[in-house]
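*Asks:* Chain by chain, the residues:
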Amino acid sequence: MKKWQCFFCDFIYDEAQGLPEEDIPPGTRWEDVPDDWVCPECGAAKEDFAMMEID
Amino acid sequence: METVIIIGGGHAGGDSALAIRQAGFQGKIVLVSQESILPYQRPPLSKKFLAGDVGADTLAIKPSSNYEKADIEFLPDTAVHSIERAEKRIVTDDSSLSYDYLVIATGSRARSVEHPDLPAPVNNLLYLRDLSDSKKLQDQLIPGNHLVIIGGGYIGLEVAATAISKGVVVTVLEQQERVLSRVTSPEVSSFYEKVHTDAGVRVITGAAIKTYKLDTAGENIVSIELNNGETLQLDTVLAGIGATPRTELAEEAGLNIDNGILVNEFCQTSDPSIYAIGDCSNHYNPICGRRIRLESVPNAVEQARIAAKAICGSPSPYTPVPWFWSDQYNLKLQMAGLSQGYDQCVIRGEMAEASFVAFYLKHGKILAADCVNRQPEFASIKKLVQQQAEVPPEALCSPETNLKELIQSVASGGT
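If you read the protein sequences in the order shown, they are chains P and V. Going by the working numbering, the first sequence opens with residue 1, and the numbers climb by one from there. Going by the working numbering, the second sequence opens with residue 1, and the numbers climb by one from there.
Just so you know, these hints were derived from the structure itself, not from any lab. It should be emphasised that the depicted structure is a prediction, and the values quoted were computed from it without experimental measurement. Backbone N, C-alpha and C fix where the C-beta goes; we use that ideal spot for every residue, glycine too. You may find that some hints are simply not true.
Label pairs and their calculated CB-CB ranges [to be verified]:
{"hint": "1", "chain 1": "P", "residue 1": "E21", "chain 2": "V", "residue 2": "P63", "range": "22 to 28 Å"}
{"hint": "2", "chain 1": "P", "residue 1": "E22", "chain 2": "V", "residue 2": "E225", "range": "46 to 52 Å"}
{"hint": "3", "chain 1": "V", "residue 1": "S95", "chain 2": "P", "residue 2": "G27", "range": "49 to 55 Å"}
{"hint": "4", "chain 1": "P", "residue 1": "G27", "chain 2": "V", "residue 2": "K69", "range": "23 to 29 Å"}
{"hint": "5", "chain 1": "V", "residue 1": "R182", "chain 2": "P", "residue 2": "G27", "range": "41 to 47 Å"}
{"hint": "6", "chain 1": "V", "residue 1": "T197", "chain 2": "P", "residue 2": "E21", "range": "28 to 34 Å"}
{"hint": "7", "chain 1": "V", "residue 1": "P63", "chain 2": "P", "residue 2": "E31", "range": "21 to 27 Å"}
Isolated chain V (complex conformation) (with noise of 0.2 Å):
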């Protein structure tokens, strides 16, 4: 009998063993988690159940009843030492397992803040990543108390949506000159930094940290000097400054690895029974001409279906128009595409009234686009980006416009 080992509980190795399950595999499925718990949902970690709307309960990707129907072997609380390809098993604390297809879903870990001051890990310095992480920081939102998040990425300004929303005194600190200066335009950018500025959360930008003051035991910080002299007193830090692939697993097992690990059209490494999938993953994207490496739950469920097709002998290729949401208060920020590299951003809608789309363009042909509560509309602008579609600006802009008659028009050939 077959056997395929999947190593990480997260999304994508959840659903990489329904998957491969449901195409039709007949052997033994293993599933091998760091985790003690069946894989769950980590979206709602910064947003509903950091601010206890839910309970860990309401988490669970798929009740465990999918699992045992579908015979899958879950190994909790499990590290894999090694992946020893020639004799095709892995390592792990008390056993070695054979597999006949090994599909690596190891995730990424919070980028940690590395500065002169900080010599040993302090208690109030918060990544957030996981359920554990989520119900420490939970912890510390108590009304009055000041916390400092250190990045204004997605995980930094939808903590301080939350924080806000408990009272908590919040100052988001941001080394770009923007927020969101990594994923979105400066139009988007300003858009985000004033809802949040009307919130209450204090936005700095272009904030360089200069000095973590301990308090006497070396255990906590309790200030943060800033480069223009500024001195922040506080009671706890999240850092939300980015992720990196967990590799090193396929890296010792002399996989090919660039800012994640390389996998073909199929998910596929360079060893061809093994695959890769998730925030591990880097695979070469048509749409965006380029390999890219996501962050994303569209891309960790898809990518499980890509690997568990190929397995089970009927291949089809990932070729997937990359896309993300964020919830931030009432707004419902939805991506769609990759914008780098934009000549001009259009706008659809009202800004004001916190309902639009960016389009950005690049030589006339759409190339991503970010809406907010805009989620009609988001179907159709996904295919507009997939499409690459030439459309004119004034007919994005015009409210009389209906987008999805615009990828018919596309698609037959007319404008």
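The following block holds chain P by itself, in its conformation from the complex (with noise of 0.2 Å):
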């Protein structure tokens, strides 16, 4: 499971999270996330997330 931030805000995708409120259930890998997602923080498109680097 891994971990993506939005390139413009602060917003981190969590693979193992998902967003529920968004019916995406916990588990959802981010290239399983409809392609049309977008940020619900900042509205950047599916394309500007970046991987988020995990130590």
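Taking the hints as your guide, dock the two standalone chains into a single complex.
*Replies:* Written out as structure tokens, the structure is:
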């Protein structure tokens, strides 16, 4: 499971947690998030997300 | 070995350092900052952080390990005194550093209140620009305290929303006849004014400040008298009256300046080894058809990427749709394009339900749009603004219309 951080704001998509409030169940991998999904914080498109480095 | 020096540890500067490494730069990267901590998110300073919902430890844009891995040398608490272009070096407090490429990301500073009653700084007149400003303001958000906010722009209204939620008594003074007058239409302004009023904020438009009354020690403002004769007793004043670009270093170095450091489509200044990005830079925007200076996170991070590509020898021009966001209460305002000069405003959705898009058209083409709680449509709207799409107003209004399909049909030449 990975985390992805929005390029523009501090929003992090955590695959382990998903986004149940947007009907994305826990464990949903980033590639399975719909292409037209946008950052709930700032509205950036999916293509603007970047990989979050986790140590 | 080549060296890039970045002046400024804000959003633009921090992203610039990482983007330059990511673009393949092999040399030394030095990030010089006047602040003592790594680059951090500023948008929460008027919202989640100010409200106390998140701590300072959550604000870092990237963890320190990212800078270490990218081998970026971070110089905190360091002021740059001058740029010596002939020698290609910068002079700091205690040393001078040579560069092959320089990135200026000095940002902007809050415009200060000027009034004959305020010959010297006072303790309770605050501004909001950095973390320490936000902490100072946070200390003043005490239930029952009266906070007077000068300026009904983004900063003023975001702080108003946060402060009222903390039980603070809030008055917003706006000089113009409506809030957000510089950035949006009368329709959206009146929507936001009503939202704030309903939440308990007192919004006074057309407000002109006549006098500031100080305490006997002259250290704090105790009241403000308006031109209409009303006097507001107060505890704290926050001024959110705009920002000015920090261009002094560039100006002294002889770079071309006009409301920001002038840059070309690759963020390059009049000196080819010097780039300028973020709030302090001014670029020609082909979509707006004029030079603009933007104060926004998207502009800062996108320009950081553009400058990085140019420095690493694979330039690609900057042709963005300006966009912004502002969170107030449970409302997510997202704006694409600049609406100045529109001749028609078309509303999609319901303002009364706080879910709508205000499209701004000029000669039938989409110039800009303000969206409230329409996140799912925002990506499509940005593309329509970029295309300057010509869409019949009825189609924009109709709930039957899928905006995404409008993009495709515009792109394929149909309607």
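*Asks:* Of the numbered hints stated earlier in the document, which are not met by this structure?
*Replies:* Result: no hint breaks.
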